[in-house]
Amino acid sequence: MQEKMVEEDGKELRTYWYLLMENRYLLLIVFLIIFISVFIFTKLSRPVYQSSSTILIESSDKGLSFFPIREMNPRQTFINNHIEMIKSRTLIEKVAIAIENDSTPDSIYIKDLKYSKEMRIALIKSGLSVMPIKDTDILKISYKDKTPFNAFYITNLIVNQYYNINLDMTRGELSEVRHFLEEQLTKIESELKFSEERLKMYKERNSILELSEETKTLVQTISTYQQQKKAIEVELHMIETRLNVLTENLNESQKFLAEGIFNTSNPFISRSIDELEILESNYAYYLSLGYDSLHPKIIEVKNRIEKIKSQIVKTSKTNLKEKYISSNPVEYSESIIDEILSLQVDLKAKTSMFNALTSAVNEYESKMKNVPLKEISLARLERDKKVSEELYLMLRSKYEESRVAEAGKLGAVRIIDKAVLTTKPILPKTSRNLILGFFLSLIIAIGSVLLKEYIDDSIKDIDEIEREFKIKTLGSIPLILQKLEGNGKSNGQSIKFPIITNLPEGSPISESYKILRTNITYLSEENPPQMMTVSSATKGEGKSTTIANLGIVLSNLNKRTLMIDADLRRPKLSQFFDIPPKSKGLTHIIKENSSLKECIYSTSIPNLFIMPHGERTTHSTELLESEKTKVIFNDLRSQFDYIIIDTSPMLSIADPTILSRISDGLLWVVQFKKAHKRDLQFANKILINMHVNVLGFIFNNINMASYYGRYYYYHYHYHSKEEDKQ
Numbered sequence: 001m002q003e004k005m006v007e008e009d010g011k012e013l014r015t016y017w018y019l020l021m022e023n024r025y026l027l028l029i030v031f032l033i034i035f036i037s038v039f040i041f042t043k044l045s046r047p048v049y050q051s052s053s054t055i056l057i058e059s060s061d062k063g064l065s066f067f068p069i070r071e072m073n074p075r076q077t078f079i080n081n082h083i084e085m086i087k088s089r090t091l092i093e094k095v096a097i098a099i100e101n102d103s104t105p106d107s108i109y110i111k112d113l114k115y116s117k118e119m120r121i122a123l124i125k126s127g128l129s130v131m132p133i134k135d136t137d138i139l140k141i142s143y144k145d146k147t148p149f150n151a152f153y154i155t156n157l158i159v160n161q162y163y164n165i166n167l168d169m170t171r172g173e174l175s176e177v178r179h180f181l182e183e184q185l186t187k188i189e190s191e192l193k194f195s196e197e198r199l200k201m202y203k204e205r206n207s208i209l210e211l212s213e214e215t216k217t218l219v220q221t222i223s224t225y226q227q228q229k230k231a232i233e234v235e236l237h238m239i240e241t242r243l244n245v246l247t248e249n250l251n252e253s254q255k256f257l258a259e260g261i262f263n264t265s266n267p268f269i270s271r272s273i274d275e276l277e278i279l280e281s282n283y284a285y286y287l288s289l290g291y292d293s294l295h296p297k298i299i300e301v302k303n304r305i306e307k308i309k310s311q312i313v314k315t316s317k318t319n320l321k322e323k324y325i326s327s328n329p330v331e332y333s334e335s336i337i338d339e340i341l342s343l344q345v346d347l348k349a350k351t352s353m354f355n356a357l358t359s360a361v362n363e364y365e366s367k368m369k370n371v372p373l374k375e376i377s378l379a380r381l382e383r384d385k386k387v388s389e390e391l392y393l394m395l396r397s398k399y400e401e402s403r404v405a406e407a408g409k410l411g412a413v414r415i416i417d418k419a420v421l422t423t424k425p426i427l428p429k430t431s432r433n434l435i436l437g438f439f440l441s442l443i444i445a446i447g448s449v450l451l452k453e454y455i456d457d458s459i460k461d462i463d464e465i466e467r468e469f470k471i472k473t474l475g476s477i478p479l480i481l482q483k484l485e486g487n488g489k490s491n492g493q494s495i496k497f498p499i500i501t502n503l504p505e506g507s508p509i510s511e512s513y514k515i516l517r518t519n520i521t522y523l524s525e526e527n528p529p530q531m532m533t534v535s536s537a538t539k540g541e542g543k544s545t546t547i548a549n550l551g552i553v554l555s556n557l558n559k560r561t562l563m564i565d566a567d568l569r570r571p572k573l574s575q576f577f578d579i580p581p582k583s584k585g586l587t588h589i590i591k592e593n594s595s596l597k598e599c600i601y602s603t604s605i606p607n608l609f610i611m612p613h614g615e616r617t618t619h620s621t622e623l624l625e626s627e628k629t630k631v632i633f634n635d636l637r638s639q640f641d642y643i644i645i646d647t648s649p650m651l652s653i654a655d656p657t658i659l660s661r662i663s664d665g666l667l668w669v670v671q672f673k674k675a676h677k678r679d680l681q682f683a684n685k686i687l688i689n690m691h692v693n694v695l696g697f698i699f700n701n702i703n704m705a706s707y708y709g710r711y712y713y714y715h716y717h718y719h720s721k722e723e724d725k726q
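Per the numbering used here, the sequence shown starts with residue 1, numbered consecutively.
Don't read these hints as lab results, they were simulated from the structure.
Honestly, I wouldn't trust all of these hints.
[Stated by the list, open to error] Here are the simulated BS3-like pairs of lysine-lysine, each with C-alpha atoms no more than 25 Å apart in a straight line: (1) Lys539 x Lys470; (2) Lys230 x Lys187; (3) Lys559 x Lys597; (4) Lys348 x Lys398; (5) Lys559 x Lys514; (6) Lys350 x Lys307; (7) Lys628 x Lys572; (8) Lys350 x Lys297; (9) Lys685 x Lys470; (10) Lys146 x Lys117; (11) Lys297 x Lys348; (12) Lys87 x Lys140; (13) Lys146 x Lys125; (14) Lys572 x Lys630; (15) Lys144 x Lys125; (16) Lys350 x Lys398; (17) Lys317 x Lys302; (18) Lys514 x Lys472; (19) Lys350 x Lys386; (20) Lys572 x Lys559; (21) Lys43 x Lys424; (22) Lys460 x Lys539; (23) Lys144 x Lys117; (24) Lys144 x Lys134; (25) Lys591 x Lys630; (26) Lys470 x Lys674; (27) Lys230 x Lys350; (28) Lys350 x Lys317; (29) Lys582 x Lys572; (30) Lys134 x Lys87; (31) Lys125 x Lys87; (32) Lys514 x Lys572; (33) Lys297 x Lys307; (34) Lys200 x Lys386; (35) Lys582 x Lys539; (36) Lys677 x Lys472; (37) Lys230 x Lys348; (38) Lys94 x Lys409; (39) Lys514 x Lys673.
Taking the hints into account, I'd like the entire structure generated from these sequences.
Here you go:
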């Protein structure tokens, strides 16, 4: 069983092989067209260069997330966020602007004025690729371009721009604070100059140089409170700025959590906040008494304030966990939560101190009413100058601190390797393209052959036709070439007509006609057919050639054989045997009562005779249906052993069915791979309706190499070698 399956598989493979060999010219042409196209495309393709840079993405999270991690791979999400940010329009637009503003690299083609802003962005985006390196936090940023310098330059520009953007995002809150302090410094500096000028002018105008000691003390106290109040006001603005920057980077759920930190009913937090407000008021009072930062009272209050603030932050975090852990917590870093909590506690504390200082300032301002009228204006000018001086010094100190803090804040991006200039293109890959082109060309070429075979509905399977039409095959005639092949040597012979007398004895074609002769003579042992009509479904299927060769092999049996050219519209049979065109023939017998002897001609082949068509006529059907025609054919039966009638194609006129009913039956010639199945089906319906006896199929022009395989080659070359020896 297994051997049979292997044999069937081998047979099927051989079938495909011979199919390809039969269509080898189509195969070769399609292959060459595709392969040459790939070759030309590869050679004409403009080289593409690529430069790459690698960056490390560091997480700002130093510990576990504030909430339990619900995502399967939060780290991957973090990396993907950076990838999308690098490919974002915001970054690419900055790169395009940087290229436009850079006058150094004149070779950058996207700087050309013919490109609009949108086109430049699209060009940069099309060449950019970002890939994570497996099992690392490293990203490989690559850029492809048609010039090596552009690829190198733009890759580094993208990396640098992203580094700066990430740094700006990381330093966001500190940068905002620094900008605020810069604005305040400029403002206070102007106020200080103005206060000094007013004080100077007032003293010169009123000849007052000094205040009384009591007034000096009052001015000093008010100045101290106002300076502290202004400092607290600045700190409150700084805290609010930082809070705004932090909350802007949170999503809606995270903002809800941040806003709800002090919206709690926890009694401990409420008491702590109240206590914190009292302590801040005490702290402001001690400062008004002139206590410095080392005074025991100041130290005690400050320590107590820091302790309460720490407790509020800790308790608030616990409350948030208990409140939101059972729902759908949003995962973000613990450091952000700590910072927001600390800033909000500071905001509460500083607000309390600001209110306490405001009350103190108002209280001491009311005491200014007791100062002598001449000293009030001078006292206020002295106070304004002193407040401006102290506030300026404080802001200058804060500004320097913010600059240091901002400079020390690093982003999450670290540049590992910058892009380098490369002169080796990544495209086109000539070797790869040619290898792929070879296989692609081969696949398309084979596919073309198979598609041609699939689309072609001509007769290609004898067994299938036999099963469908229930008509047996009497013979399979090989394809006759215009040049008879030798045995692999240059000994081919030219042939005049495709009849077997012009072919070597023992050739496969001769043998196939002998097999046909045998099959016909043994159709019926008791009553074999004597008179046979030969036709085909359509013209050009080789019926006349088949009749000529069949007549030859029948006459070789020493049997008197007559061939009748009854194709009265397009006769051809007579040409094979050099019968003059206007010779008397069948129509002369029917119409003019010519004798049979006048219209039958002998050939160069013993026992083989031919009756030409006679005069051409368009009324062939009427002639062949006449009673005289039947009498003529009956007379011929007594004079010849075999009579073969050539007639018109079945789908042209009714002549074949008429003659088939007069004769013993029809030999149906089918040209292999030319006759179409639908024509055979239509012709078969005609034969069935007319009750024609179909003796069998004769399949003509079969390429034995493709249909029967290697046996044909062996058989043919065997005979060729034998002939060479003779």
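Hint-by-hint comparison with the structure:
no. : hint            : result
1   : Lys539 x Lys470 : holds, 23 Å
2   : Lys230 x Lys187 : holds, 13 Å
3   : Lys559 x Lys597 : holds, 18 Å
4   : Lys348 x Lys398 : holds, 20 Å
5   : Lys559 x Lys514 : holds, 14 Å
6   : Lys350 x Lys307 : holds, 15 Å
7   : Lys628 x Lys572 : holds, 24 Å
8   : Lys350 x Lys297 : holds, 19 Å
9   : Lys685 x Lys470 : holds, 13 Å
10  : Lys146 x Lys117 : holds, 20 Å
11  : Lys297 x Lys348 : holds, 22 Å
12  : Lys87 x Lys140  : holds, 12 Å
13  : Lys146 x Lys125 : holds, 14 Å
14  : Lys572 x Lys630 : holds, 23 Å
15  : Lys144 x Lys125 : holds, 10 Å
16  : Lys350 x Lys398 : holds, 16 Å
17  : Lys317 x Lys302 : holds, 23 Å
18  : Lys514 x Lys472 : holds, 17 Å
19  : Lys350 x Lys386 : holds, 23 Å
20  : Lys572 x Lys559 : holds, 24 Å
21  : Lys43 x Lys424  : holds, 16 Å
22  : Lys460 x Lys539 : holds, 18 Å
23  : Lys144 x Lys117 : holds, 19 Å
24  : Lys144 x Lys134 : holds, 22 Å
25  : Lys591 x Lys630 : holds, 13 Å
26  : Lys470 x Lys674 : holds, 20 Å
27  : Lys230 x Lys350 : holds, 11 Å
28  : Lys350 x Lys317 : holds, 21 Å
29  : Lys582 x Lys572 : holds, 13 Å
30  : Lys134 x Lys87  : holds, 19 Å
31  : Lys125 x Lys87  : holds, 7 Å
32  : Lys514 x Lys572 : holds, 23 Å
33  : Lys297 x Lys307 : holds, 16 Å
34  : Lys200 x Lys386 : holds, 13 Å
35  : Lys582 x Lys539 : holds, 23 Å
36  : Lys677 x Lys472 : holds, 16 Å
37  : Lys230 x Lys348 : holds, 17 Å
38  : Lys94 x Lys409  : holds, 23 Å
39  : Lys514 x Lys673 : holds, 23 Å
Hint compliance for this structure: no hint is broken.
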